[in-house]
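For the record, the sequence lines run as chains C and D.
Counting from 1, one number per residue, gives the positions in the first sequence under the numbering used here.
Counting from 1, one number per residue, gives the positions in the second sequence under the numbering used here.
Everything labelled a hint here was simulated from the structure, so no lab data went into it.
Ideal placement from N, C-alpha and C gives every residue a C-beta, glycine not left out.
Wrong hints could be hidden among the right ones.
[What the hints assert, rightly or not] Derived DEER-like restraints, expressed as beta-carbon distance ranges: (1) C/ASP29 / D/LEU23: 54 to 64 Å; (2) D/ALA363 / C/ASN77: 51 to 61 Å; (3) D/ALA388 / C/GLU202: 49 to 59 Å; (4) D/VAL308 / C/ARG85: 24 to 34 Å; (5) C/LYS177 / D/ALA351: 50 to 60 Å; (6) C/ARG85 / D/ALA388: 33 to 43 Å; (7) D/PHE384 / C/GLY67: 55 to 65 Å; (8) D/THR391 / C/ASN77: 12 to 22 Å; (9) C/GLY132 / D/VAL308: 53 to 63 Å; (10) C/LYS177 / D/PHE384: 51 to 61 Å; (11) D/ILE3 / C/ASP75: 50 to 60 Å; (12) D/TRP395 / C/ALA117: 20 to 30 Å.
[Claimed, not checked] Calculated cross-link-like contacts (lysine-lysine; reagent style BS3-like; alpha-carbon spacing at most 30 Å): (13) D/LYS65 / D/LYS110; (14) D/LYS223 / D/LYS65; (15) D/LYS110 / D/LYS159; (16) D/LYS118 / C/LYS86; (17) C/LYS140 / D/LYS396; (18) C/LYS140 / D/LYS118; (19) D/LYS159 / D/LYS118; (20) D/LYS110 / D/LYS197; (21) C/LYS7 / C/LYS86.
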Amino acid sequence: MALIHIKDVVKTYDMGAELVHALSGVSLDIEENEYVAIMGPSGSGKSTLMNVVGCLDTPTSGLYEFGGQNVGELDDNELAEIRNRKIGFVFQTFNLLPRSTALHNVELPLIYAGISASARREKAEEALVSVGLADRMTHKPNELSGGQRQRVAVARALVNNPSIILADEPTGNLDSKTGIEIMQLLVDLHQKGNTIILVTHEEDIAAHAHRVIRLFDGKVASDEVIENPITYAERT
Amino acid sequence: MQIGESIATAWHMLRGNKLRSFLTLLSIAIGVFSIISVMTSLGVLQNSIEGGLSALGANTFQVQKYPNNQGGGPGWRMRMRNRRDLTYAQGLAVLERTRGARHIGLESWKFGMEVRWKNMVTDPNIAVAGETPGGLPTNQWEIDRGRPIMQSDLDLTRKVVVLGYDLARILFPPSYNPVGETVVLAGVRYRVIGTLKSQGGLFGNQDRYFIIPITTFFERFGKNRSIHIMVQAASRENFADVQDNVIGILRAVRDVPPGEENDFAIFSNDSVIRQFNETTSMVRIGTVAIAGVALLAAGIGIMNIMLVSVTERTREIGVRKAVGATRGSIVSQFLSEAVVISLLGGLIGIALGLIAGNALAVALDIAPVIELGWIIGGISACCFIGVAFGTYPAWKASNLDPIDALRYE
Ligand SMILES: Nc1ncnc2c1ncn2[C@@H]1O[C@H](COP(=O)(O)OP(=O)(O)OP(=O)(O)O)[C@@H](O)[C@H]1O
Ligand SMILES: [Mg+2]
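Bound conformation, chain C alone (with noise of 0.2 Å):
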């Protein structure tokens, strides 16, 4: 059984003038530890899709399954879980709390996922040095750089140990050395064995996924295995 099961997905927007069709009838399986590329022109409904996986969209009409479950027939709350503790988002705009530390956003999840406060911190000061911000933690995020912020939207994403991370042009708004730093992550958390889905414009971004979908015009316009991803160690 497929880890991500969406049939006919449609989402429309009423613009009250018109109608606009952000996705228009897609339909994919994503298996666990998966790392698959989303790519398709601007507007081609590729942030649509991915805020419908992670839970904070709901289509307007089609299957959504997240492991196994109906996520249609999901209450607030059954919603608020799987968000919590099965997906890690990393947001092309970062989405940080603007207030508060380095450690303190990456402890945000294990609030609510009610986990202790000491137990809290040393995870969250897990994920940090993970990803290589051990010497940043009491910054906020106007004290980091774009690439360390990113960063640290990505310590937040894993921090809860999802089993899948949804990463929306997480290198968009990165130099190509900052985003390859990130793209460093990303394939070390495949490794593992995350399961991770990539937006993306840049192809040698996307050739680091084994799996690419295009999307254009809110339809699935392709969907190719690679043979032969590139892993960070070879670009190194």
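Using the hints provided, position chain D with the ligands relative to the given structure of chain C.
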């Protein structure tokens, strides 16, 4: 589990908007301050009345012709005018027949007199008290030098006097022992047999007493006057019994028919305090009403800053929801922020109210008062306000759609 988180975010919010926070805290603090300061001052006043204002000591009550306070009701004035005097003979009956009393004093007063010693003359503001021996302890008058009034002074109608502390200070040089001197009151010479210790008290110089045997007093100023009877019960336990005993004796000697009201007045410290509480209850009610309005306004202020805060922090709410915050945890976060703010304001109000209320205690030189009941009430009111006025903003925050909130610019 998320209380620490909520307090931290509340603190961030307060610091982030200093002026807005200040105004909100101020409005809460004013409401709580007014309650605490007024209630504390009333508590201080009550203590000072218990402690010093009333001359009556512990377990002591006083009987006199008229009540202390002005009464009311139909025919009150008329009933009072027709009252018979409380006579010395009736007082003596009480003195002889009452059981269980430690001291019983009979006294009669004349105010506004002049006293002279050699060339020294006082202002005409001296209070002359004719007393029986029991009148000194029941008035809590303690002898400083010399001796008190004794039964033999009464029996022999001696012209002897015990001087109040302030009167002795006015007439005689400092550290001069007046015992044995002769002073003149209304053209009659009295030998000083003793002086009293200072009593102090709320209104300062109140010890200008000229205390003489009650028989001498009657001889000088006439016998047809109403007296006071002062009774100190042996203990708190038999206070009520002694009071009933005295009432029974007086009704008998004054021929009050059964079923009719007493035609004399009785009061004690308890009744003085009860009377104080009655007269101040309007102040209390008024204060609570005004503070209630202030706190209502403060609550609306809290709701306002919470609503602004929810709007300003829409993205933050989106982030929290995206990483797994449930509706419940968002509600409890914003509710506890509202409660933290109102509690903080309340604590400031309580602190300032205690200081302001106890300024009176400092002025009166008595122990400060902490009105625990009102403090707990104030804290509860603040919690209630935080919850009552924080609920709608918190509900609004929790209802935000995560993706809309994240997109909010
Ligand atoms: N909240 C919204 N209201 C109306 N239309 C929307 C909304 N969100 C997205 N859309 C529309 O849906 C379509 C898909 O948007 P989406 O954000 O998924 O694109 P994308 O593939 O992520 O693009 P990009 O690469 O630029 O991020 C776009 O045409 C967009 O205008
Ligand atoms: Mg996008």
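Going through the hints against the structure:
1. C/ASP29 / D/LEU23: 54 to 64 Å: 57 Å Cβ-Cβ, so the 54 to 64 Å window holds.
2. D/ALA363 / C/ASN77: 51 to 61 Å: holds (59 Å)
3. D/ALA388 / C/GLU202: 49 to 59 Å: holds (53 Å)
4. D/VAL308 / C/ARG85: 24 to 34 Å: holds (33 Å)
5. C/LYS177 / D/ALA351: 50 to 60 Å: At 56 Å between Cβs, range holds.
6. C/ARG85 / D/ALA388: 33 to 43 Å: holds (34 Å)
7. D/PHE384 / C/GLY67: 55 to 65 Å: violated (44 Å)
8. D/THR391 / C/ASN77: 12 to 22 Å: holds (19 Å)
9. C/GLY132 / D/VAL308: 53 to 63 Å: Violated - the Cβ-Cβ distance for C/GLY132 and D/VAL308, about 38 Å, lies outside 53 to 63 Å.
10. C/LYS177 / D/PHE384: 51 to 61 Å: Cβ of C/LYS177 to Cβ of D/PHE384: about 57 Å, so the range 51 to 61 Å holds.
11. D/ILE3 / C/ASP75: 50 to 60 Å: violated (25 Å)
12. D/TRP395 / C/ALA117: 20 to 30 Å: holds (28 Å)
13. D/LYS65 / D/LYS110: holds (15 Å)
14. D/LYS223 / D/LYS65: holds (15 Å)
15. D/LYS110 / D/LYS159: Holds - the C-alpha atoms of D/LYS159 and D/LYS110 are around 16 Å apart, at most 30 Å.
16. D/LYS118 / C/LYS86: Status violated; Cα separation ~104 Å.
17. C/LYS140 / D/LYS396: holds (28 Å)
18. C/LYS140 / D/LYS118: violated (88 Å)
19. D/LYS159 / D/LYS118: holds (17 Å)
20. D/LYS110 / D/LYS197: holds (21 Å)
21. C/LYS7 / C/LYS86: holds (20 Å)
Hint check: violations occur at hints 7, 9, 11, 16 and 18; the rest are consistent with the structure.
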